Structures are given as structure tokens and as C-alpha cells.
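Peer 1: As they're listed, the protein sequences go chains W and G. Numbered as in our numbering, the first sequence ends at 343 without a single skipped number. Numbered as in our numbering, the second sequence ends at 357 without a single skipped number.
Fair warning: there could be bad hints in the mix.
As the list claims (entries may be wrong) - Under the rule of at most 27 Å between Cα atoms (straight-line distance), these lysine-lysine pairs were calculated in the BS3-like manner:
| id | chain 1 | residue 1 | chain 2 | residue 2 |
| --- | --- | --- | --- | --- |
| 1 | W | Lys110 | G | Lys354 |
| 2 | G | Lys36 | G | Lys252 |
| 3 | W | Lys110 | G | Lys155 |
| 4 | G | Lys58 | W | Lys110 |
| 5 | G | Lys354 | G | Lys119 |
| 6 | G | Lys349 | G | Lys254 |
| 7 | G | Lys354 | G | Lys114 |
| 8 | G | Lys197 | G | Lys155 |
| 9 | G | Lys308 | W | Lys110 |
Read the hints as simulated data drawn from the structure, not as lab findings. Fair warning: this is a prediction, and the values are worked out from it, not measured in the lab.
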Amino acid sequence: MTAMVSSAGRRRSMDVQKIILLAILVGIFVFLSLAAPNFFAIRNFTNILMQVSVIVMIASAANLLMITGNFDLSVGSVLAFCAIMHAYLTKQGMPIWASILACVAIAALWGVFNGVMVGVLNVTPVIATIATMYAARGFAYLIARWDGGANITAGLPQNFAEFGRTMLFGQVPIIILFMVVVFAVFFFIERKTPLGRFSYAIGGNLSAARLSGINVVGVIVALYVLVGALAGLCGIIQVSRVGAAFPNLGQGLEFDVIVAIVLGGTSMMGGEGSLVGMLLGALVVGLAANGLNLFGVQYFYQTITYGVILIGAVLIDLAVHRKA
Amino acid sequence: MKKILLAALILSVAVAALVLVGCAKKTDEGYVGGKPTYVVGHIVYTMEAQYHQGIAKQIVEYGKKMYNAKVIVLDAQGKDEVAMSAVENLIQQKVQAISLHYPNTGLTTAAIKMAREKGIPMVTTLIRPSERIAPHVQPLEGPSSQMMGEVAAKQWLAAHPGVTCRVFILDFGKFPQIEEMRTGAFFQGVKNVDPKAVLVGQLNGFSSTEKSMQITLDALQKEPRINIIFGGNDEMGLGALAACQQVGRGKMKDGVPLTEVIAGLDANISAMAQIYNPNSSFKLTHGAVRDNAIAEMDTMIGMITGKIDPKKYAETQVLSREFDYWNSTMEEAQRFLEVNYLFTGSLKDEVAKAAK
């Protein structure tokens, strides 16, 4: 009975959190529509969605991972590694489609490494994924050096930028479509599949999950592989949008992903979370960034704003949980 | 199973480490007499940029060839604490002199004093320290930036008479000296041609192509009439170009601006490939790599041999050569890249690949 009440209480607090987040989102939207120049325009909304797409895609898998009580700090570096690798391989003559598949596979291998370190060898996720973060970024710089310079910008195939800049029906950037598809897939996974249920079980009570026969290691490794693969795909999309490969791509992305997830109500301790909440969190951050740029606000004020948003979200989370 | 996995992982890491060490370039080879005559240190602001990599390569090669000197290159990674650690590292290695490029003027002053306490002279470059107490190498960026602004404005107004220049700038976060030498000078150049020119916005591009792309997309949304964009370095300029291209801009027709004119800085290979692409709106840059590196190296050796007073501020100025589509030839650019970036390819081929 206590467990049922507690579970119902957590669900209620999640719903309240989402409502609050939605209210914040609507508030920011209305404010910017009235105050910011050219905010209320289809093109601007497209920009915002493009800017949050990478975060939402990676956070869709990372959210489930955090629900298990683990997280991945290497996503930005894996993204950069795959971006550089994609540029390097296509410059050497590999067809674009083959390079995409190869790079996503390599990104998944980084995920395997993380998963094995965390799931099998019980290394703390922070340490394991920070190690990958350094290694992947280092290899990104190394591959650029093998190519002869600081980055890979010259000598790329003529159609290199096509993949990331494809517009569906002439209007919708392909990255937005990817975001929608990935989000939908993980929404389904979270709600309707054993992987989703097991993730909650593992995060809720690891021992109980093990005792009930859940393959905890398999779930954790699978989630790290998915996060890695999505980071790789995002690297390929970003590098083709930019039109050139720089090893500093995705700097700080891991924190953007964590902010979106935490803002959405997912607990860093595991056991609870929401994909919809993550999306709302990402949109809040995306809207804030867009609005600050439209106002021409300097960078230092922007970082203060992000800090305030995050602290606000954490305080709301605390308040909501206390009531529940 | 776990033990086997752990053992396999440890073995893989050990093998990878050995391979990397083996692949690492041996730095004590090729010196006259089998060992270097001098050992000096060079701290790079960040190895992420082609420009800084270019300077590092030039210093190492010139130092070896001219002075039989070994140059230890360290990357400050754009971080204050890493820069200071690099200085401490070089002091620990008892190098005979240090050259430092770092934009934090207080940090560079502190670094000069720290090295001086240990008897190691230091030369700074690009950004003058807060206290002028040591030799300094200064590329003359101000006149070149202003010239770029004038050329950009002239070309825009020639193609679009009467359309006021609306300028958007990507900088590094409002460093006063960058304002003086690059961004402010560029805008002044635009105003020299079009007194009604408007600075629409100036935001931090983080020296990142990706971030500059995102910020430029927002800037273009805020003010679609932006027609001149300046990136504080080529990486940011290229990010602005990527943003323009994604919204159907970034275009020229045989050098006639259709949508905007974009300028960068550093004169690197990627920038030149766009500059000489007649249909790309990225059209101007300037840079000084070789001459800067030579001046730094000469100053370090001069201080070591007593020919230059390490405690006196003396500024060695270096020309930062301006390149643009309309006034510089591809052959000149090719030569510049070969000399400065040790480029061994063909700029013509790179332009052909970049052109659509």
C-alpha cells in the first residue's frame, strides 16, 4: 500500500513538474513573441528546433540511461569524433552512406566501452564516461592531425554538406525530422517496451531488479550503445550542416543534455523521469538561448540566465517532491 | 568472466598506449651534433585553430633550421589554468626562453614574472600584456582589419547602391585589444565607406564554427537585412557562411555580392578555398603566420644570447597580409599558404571542390 501510494505520489509530482515546465515554456514564448524582434516567425521556430534537435536526440536515450541511475559525459566528444571520422573517411573516397554507417557503428562501440566499464566492471559512470570523453576528443584531434591540420575543411566531397542540409518538402530541415523520429521511437520504448520498464525498475531498486531476473548489465550496455550511436549520428548531421569538421564540435554538449533531462524532472538518482519532460526542458533552454540572441544579450548574461533556469528547475523539483 | 574482461581491457589500453608512444614523433632527432643547441618553449593559445597550429609548426621548423633549437610546444587549450600549468611545466623543464600567446593580459604578465623569477625570459605575442615588461611581437592587424571593412563595404555598395551596410560581428567575448585590432577596426573601415553603416549586433562566437553557425542563424532572424558579417577568426567566419547557406544565402555571382559579404581572419586554407570560390560570399581575410613565428623565435634567441634585453618592452611589428577576392590573386594566396601554413596541395583544386 505504501509502495503504491509512493509510486502514485511520484507520478503525480512528475505531472505537476511537467505542467510547471509547460507553464514556464508558454510564459517565455508569450514574452518573446511580444518583446523580441522577429521571434514569432516560422523560420525562427525552425531555427530553435534545429538548435535543440541534437540535444533532444541524444537526451532521448540519455534520459532512459539516467532513469537507470547512470549517465554519459562522453556524448560531446563522441559526436566530435564521429564528425571528424566522417569527414576523414569521405575525404579518402568512402561513399557518404557507407561512412555514415561506419561512423554510427564506431560510435556504438564507444557506447559498448562505456557500458562494459559501468555495467560489467562497475566503474562509476562519472569516471568511466569522463575517460571516454577525453579519449574520444583526443582521437578527434589526432585524426585531424593525420589529415595534416587542425581540422578537416578542405578536400571534402562536393556532396558532403547535403545530408545535414537536406530540406524535406523544401521547408523542413532533415535534422528536425530525425529529432521527431528519435523522440517517437524512445517514447514508444519508454512506455511500451521491456527496455523502458526495466530501466525504471533498475533505477528504482537495483537489487530488486536483479533478483526479479532483469538482465541489468544488458540493459545498461544497450542504453549506452544507443546513446553512443545517437551521438555519432548527431556528429554526422552537425558536420554536414557546418560543411567542415572541427574537433571542438559538441563542446559542452554533455551538460546541455543533462540540463534538459534534469529540467524535465528526471532524477539523477534514477528511478523516475519523463521523456516529455526532457523535451519541455530542452525547449525551455532553446527558447531562452534564442531569445537572448535575438535581444543581442552578451554571453556572460546568457550563462547567468542558464544558471538561474537550472537552479529554478531544481528548486521547483524539490518543492514538488516535498508536497508529493 | 569479469576478470577476463578486465584483463583484456587493461591489455588493450596498454597496447594502445605503447602504439601511441611509438607513433609519437621523436623530437630529439635531426639536430646538428645530435643534440639541440637551445631548448625553448612555445605556448599556443589553442591547437584547435589552424592559425595556431601553423605558428607552432613554423616555430619548430624555423628554430631547428636556423638555430638548431628544440621547441617544446604546449597547448593552453584556451584555458587560464592550463596556460599557467604550461608555463610552470616549461619552467620545470628548464627551457632557456618561452614564447606565449594568450589573450588574458593579466595572466601573461603573471607568467612573465613567474618565468623571470626562475631566470627564464619570455616573449609574448598578439595580445599585449597588462604590464609592458618584456619583449612582444605584434601583428599589425588593425590596418588590415580596417582595409577589409572598407573593401567589404565598397563591394556591397557597388552591387547594391544605396543599401545601407548592416554589419554583424562574431567576436571572442569583447576583449579590448581584439576590439581595437579586429572588430572595431573592421567596423570603422565599413563606416569609412558608408558613414550610415549600422552595427546590428556583436556576439561571442566562441571561436567555434558550430556555435557561430547557430548564433548567426539567430542574428539573421533578428535582422534579415544583415549584409556584412565579420568573424573574429576564419573559423567563426566559416560558421557564419554555413548559417547563411542554410537559409539560402551565402551567395555571390562571380564575385558580385548577392546576399552578403563575409570576412574572417587568419588567412587559413579553409578560408582561402571559399574566398576564391566565385560563388561564395566569404571573401576576405588577413593573417601573419610565418613572420610572426620567426619574430618570436628570433626574439627568444636574442634574449638568450644577450642581444635583446628580456626586461624591456620592445615591440616587433609584423605585417598581417590582407587577402580578398577582388584585389589578390589565387597565385598569391597559394604562395602565402605554402609559406605560412606549409600547404603542399593546390588551392585551385580546393576551390574547385568547394565551388558548387
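Peer 1: Each hint: holds or not?
Peer 2: Going through the hints against the structure:
1. W/Lys110 with G/Lys354: Holds, at roughly 11 Å.
2. G/Lys36 with G/Lys252: violated, 53 Å
3. W/Lys110 with G/Lys155: Roughly 37 Å separates the two Cα atoms, so the pair is violated.
4. G/Lys58 with W/Lys110: Answer holds: lysine 58 of chain G to lysine 110 of chain W is near 23 Å, not above 27 Å.
5. G/Lys354 with G/Lys119: violated, 51 Å
6. G/Lys349 with G/Lys254: holds, 18 Å
7. G/Lys354 with G/Lys114: Outside the cut-off at roughly 49 Å; violated.
8. G/Lys197 with G/Lys155: Judged against 27 Å, a Cα distance of about 13 Å means the pair holds.
9. G/Lys308 with W/Lys110: Outside the cut-off at roughly 48 Å; violated.
Consistency note: the structure conflicts with the earlier hints numbered 2, 3, 5, 7 and 9.
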